[in-house]
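Undergrad: Use the sequences and the hints to build the structure in full.
So the sequence lines, in the order shown, correspond to chains A and B. Using the numbering used here, the final residue of the first sequence is 67, and nothing's skipped along the way. Using the numbering used here, the final residue of the second sequence is 136, and nothing's skipped along the way.
Distance windows between CB atoms, simulated:
| hint | chain 1 | residue 1 | chain 2 | residue 2 | range |
| --- | --- | --- | --- | --- | --- |
| 1 | B | 38 | A | 56 | 19 to 25 angstroms |
| 2 | B | 135 | A | 67 | 38 to 44 angstroms |
| 3 | B | 25 | A | 4 | 15 to 21 angstroms |
Subject to a maximum C-alpha distance of 25 angstroms in a straight line, what follows is the list of computed PhoX-like cross-link-like pairs (lysine-lysine):
| hint | chain 1 | residue 1 | chain 2 | residue 2 |
| --- | --- | --- | --- | --- |
| 4 | B | 70 | A | 41 |
| 5 | B | 70 | A | 15 |
| 6 | B | 70 | A | 6 |
| 7 | A | 41 | B | 96 |
| 8 | B | 61 | A | 41 |
| 9 | A | 64 | B | 61 |
| 10 | B | 66 | A | 64 |
| 11 | A | 6 | B | 61 |
| 12 | A | 42 | B | 97 |
| 13 | B | 51 | B | 134 |
Calculated directly from the structure, the hints in this document are not laboratory data. Where is the CB? At the ideal position from N, CA and C, for every residue including glycine.
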Amino acid sequence: MSQIDKLTNLLIRAKKDLNKWLSFANVTSVDEFYKKQDIIKKQSYHKYTDVIEHLNFIKKIELKLGK
Amino acid sequence: MENSKIDELMLSCMEIEKLADVSLDYDFIMDTISLIDDDILDEFRYTKEFKLFNFYVNIQKFSKTKHIEKYAIGLVNNNQENIIRYDNVPHHNENKKVQEKNPPHHKHIGIDENVVGFSGSIEEMQLGLDEILKKL
Chain A
1 MSQIDKLTNL LIRAKKDLNK WLSFANVTSV DEFYKKQDII KKQSYHKYTD VIEHLNFIKK
61 IELKLGK
Chain B
1 MENSKIDELM LSCMEIEKLA DVSLDYDFIM DTISLIDDDI LDEFRYTKEF KLFNFYVNIQ
61 KFSKTKHIEK YAIGLVNNNQ ENIIRYDNVP HHNENKKVQE KNPPHHKHIG IDENVVGFSG
121 SIEEMQLGLD EILKKL
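TA: And the structure:
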């Protein structure tokens, strides 16, 4: 499998996993996460940073794929 | 965890697989590791949903020799509660309980505030995860 194929699979998987990380933070969408980010941050440092880090991971893969 | 490499960590994850009733996606994991080995990717994130919990491994930073420098590994239950989490995020380093035992590695039990110091070897993390899994 080429590196592009591997990165593409990783992006698909990462986008699917984002829903899990959002649900761990008790929200259902990225928009809702940003709206409630201050509350989430106060409730749990990790629930907040895990979502941010996952969103950054997705952006990083997209950049590698030229998206 | 310090000085460990990602392949050692994945061997440890195989033990988690034995305790749970679902297979980890080894082809996907090996593809991701190969991207890291080829310097295409500098991060590893893996989440797997099991019947009673979600298992995750996040490695955010590797050294030049691909050793793990910043990580989080843990379990979240179906009520979105952190059952157990091991990481070396520095935000709890001022915590006295963490300072007592080889900071900056620590483990969270249940909630973020319930943090204890942790020696940091993969084997010890494995034992901690096993203990929790047996109780589920």
